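The whole structure should be built from the sequences, with the hints applied where relevant.
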Amino acid sequence: MALTTASAPVVPEQPGRGSPVARKRRGAGGGRGREGVAGYVFLSPWLLGLMGITAIPMLLSLYLSFTDYSVFSTWEDVEWIGLENYRTMFTNDPQFYRAVTVTLGYALVMVPLKLAAALAVALLLNRAWRGVGLFRGLFYLPSLLGGSVALALVWSALFAGDGAVNEFLAFFGITGQAWVNDPDYALGTLIILGIWQFGAPMVIFLAGLKQVPVELYEAASVDGASPWRQFWHVTMPMLSPVIFFNLVLETIRGFQSFTSAFVISNGNGGPVDSTLLYTLYLYKRGFAEFDMGYASALAWVFLLTIGILTIVLFSTGRFWVHYADGDDR
Amino acid sequence: MTAVAPHVTVRKNRFSAGQAVRLAVLIVGLLLVLYPLAWVIGSSFKSDAEIASNISVLPTEFTLSHYAAGWNSFDVSFTRFFINSTVIALLTVIANAVSCLIAAYAFARLRFPMRGLWFAIMIGTLLLPGDVLIIPQYIVFNTLGWIDTPLLPLIVPKALATEAFFVFLMVQFMRGIPRDLDEAATIDGCSPYGVFWHVILPLSRPALVTTAIFSFIWTWNDFFTQLVYLNELEDYTVPIALRLFIDSTGQSSLGAMFAMSVLSLLPVFLFFVAFQRMLVEGINTSGLKG
Numbered sequence: 017m018a019l020t021t022a023s024a025p026v027v028p029e030q031p032g033r034g035s036p037v038a039r040k041r042r043g044a045g046g047g048r049g050r051e052g053v054a055g056y057v058f059l060s061p062w063l064l065g066l067m068g069i070t071a072i073p074m075l076l077s078l079y080l081s082f083t084d085y086s087v088f089s090t091w092e093d094v095e096w097i098g099l100e101n102y103r104t105m106f107t108n109d110p111q112f113y114r115a116v117t118v119t120l121g122y123a124l125v126m127v128p129l130k131l132a133a134a135l136a137v138a139l140l141l142n143r144a145w146r147g148v149g150l151f152r153g154l155f156y157l158p159s160l161l162g163g164s165v166a167l168a169l170v171w172s173a174l175f176a177g178d179g180a181v182n183e184f185l186a187f188f189g190i191t192g193q194a195w196v197n198d199p200d201y202a203l204g205t206l207i208i209l210g211i212w213q214f215g216a217p218m219v220i221f222l223a224g225l226k227q228v229p230v231e232l233y234e235a236a237s238v239d240g241a242s243p244w245r246q247f248w249h250v251t252m253p254m255l256s257p258v259i260f261f262n263l264v265l266e267t268i269r270g271f272q273s274f275t276s277a278f279v280i281s282n283g284n285g286g287p288v289d290s291t292l293l294y295t296l297y298l299y300k301r302g303f304a305e306f307d308m309g310y311a312s313a314l315a316w317v318f319l320l321t322i323g324i325l326t327i328v329l330f331s332t333g334r335f336w337v338h339y340a341d342g343d344d345r
Numbered sequence: 037m038t039a040v041a042p043h044v045t046v047r048k049n050r051f052s053a054g055q056a057v058r059l060a061v062l063i064v065g066l067l068l069v070l071y072p073l074a075w076v077i078g079s080s081f082k083s084d085a086e087i088a089s090n091i092s093v094l095p096t097e098f099t100l101s102h103y104a105a106g107w108n109s110f111d112v113s114f115t116r117f118f119i120n121s122t123v124i125a126l127l128t129v130i131a132n133a134v135s136c137l138i139a140a141y142a143f144a145r146l147r148f149p150m151r152g153l154w155f156a157i158m159i160g161t162l163l164l165p166g167d168v169l170i171i172p173q174y175i176v177f178n179t180l181g182w183i184d185t186p187l188l189p190l191i192v193p194k195a196l197a198t199e200a201f202f203v204f205l206m207v208q209f210m211r212g213i214p215r216d217l218d219e220a221a222t223i224d225g226c227s228p229y230g231v232f233w234h235v236i237l238p239l240s241r242p243a244l245v246t247t248a249i250f251s252f253i254w255t256w257n258d259f260f261t262q263l264v265y266l267n268e269l270e271d272y273t274v275p276i277a278l279r280l281f282i283d284s285t286g287q288s289s290l291g292a293m294f295a296m297s298v299l300s301l302l303p304v305f306l307f308f309v310a311f312q313r314m315l316v317e318g319i320n321t322s323g324l325k326g
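Chains as they are written, first to last, in our numbering: chain P, 17 to 345; chain V, 37 to 326.
Worth flagging that the hints you see were computed from the coordinates, not collected in a lab.
Be aware that a few hints might be false.
Estimated spans, in silico, between C-beta atoms of each pair [what the hints assert, rightly or not]:
(1) P:P287 with V:Y71: 24 to 34 Å
(2) P:L120 with V:R147: 37 to 47 Å
(3) P:R245 with V:I223: 52 to 62 Å
Predicted model, so just to flag it, every value in this text is computed and none were measured.
We put the beta carbon where it would ideally sit given N, CA and C, even for glycine.
Here's what the structure looks like:
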């Protein structure tokens, strides 16, 4: 709870208290310089990380994406092959298209449903009553555990041919099938596993709902607006920045899903490539087939796609995201 | 919270059908959400005969045998895997906490040339899909010859504050610490280093705790990076070892797999129990306002 102080407004510096301001003016040479040096001292680990762990590897992989580099090649026999990797990817790699389709299908179905579940439960848990905290916590729990290997294993057991889900369906006279082994349904089980973790966006929705002024609802009530109209005309507009925040976050996360697909398909994206998420394909090409040059090209296409997608999301956001007070963000 | 209170008093005196329906929907939803967890815990105590297909949570015949069998499923026992996971998680916690706090102090409090630019870049890396960087990073670490000592590629990036999310979290937190304190310390003769040590560090404890908890949980659950860098059975962490069960899946090992899965979830679950309120309300709300 102490963390909410993080969102408290920055305490304004008060000029006219004499010495601090005087010190600052005078210190343009001495004090500032010392602070500047200290700034870079404190920043140095981060700068080193930015260069060594992020920037240089990225540039290196950009270069390698134009080569036929494999893990085993020495640097001397790395051969520049120009756009060959990219050309292959777009014209002669059915698995690439498969991975793109699977990832898009996964994200486009999973993210909206996950956010809808998150919002619905958040609305139900919005009001304060005894025990609400426990409910919030328990709904959030899957978000902490769901990304783990253990849960992916549980999922493949639940949705196996002789698994618990089918036992449950048999109870209603429905004959199920081996969901995780059926190319038509395997991705569906992953989507359900994704939706199951709706607790994280739910918590963010709850925080957003807390900020909607009660007076707005009171005014709407007085005007005779039904709960349904209040939801569409008060809650949704006021919540739109938070919806947007969740949408961006969950979309990017969705595109990066890896663990569950890897575990459920035992690392190969099967059955029949139906769970071949993009990151899984990237892993296969890079670490199973050691095609690092090609995998680098895949990584860059992915990076650019996510970048473009983020820009598109932000530009559509202008049309439907309502900011109550412009300076809040 | 104060904003909600008047609302409640208005509604209090009509605990109505609406309220009852709401509660019923929530309880059904909760049962549905918690079922997979309850089922796997229950199943880990079931006998082989009823293990996979029994949808009931409680075992008809209670057995602990899967825990003993699971622990020694592979040539290296789970003792080793749990130690590996713990070591990696704890080192990550320390590396993240220290490096991110230092970087955040520079961003939040110090004035230096190009601060705005660096800050913008740091925010940019927040959106950078981390999994994509794995291939190029692997190539760099491979070139450096770090692949045979998996601790280096797993920990060094964390010690260099690459987890931008935590840097951002701490910057936001530090912005809430009154600047008067810095200035008072400066007047008393503290250098920027002194201000960090005597003012910011002690006051940043809540942000450090949050960072530590989430670092631990995320590292404990991490799979992709560990999968890439851990190649020897003795180096395996719990998630990587759990994956071995897929290769050996038959009805006989299902119980062992469930038992070890449950144990692997236990540390995260204990964190959840201990810090529930903080996990639910802390990090997400503080990251919300920009």
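Is the hinted range of 37 to 47 Å satisfied by the C-beta distance from L120 of chain P to R147 of chain V? 45 Å, holds
Is the gap between the beta carbons of P287 of chain P and Y71 of chain V within 24 to 34 Å? 26 Å, holds
Between the beta carbons of R245 of chain P and I223 of chain V, is the distance compatible with 52 to 62 Å? 57 Å, holds
Hint violations for this structure: none, all hints satisfied.
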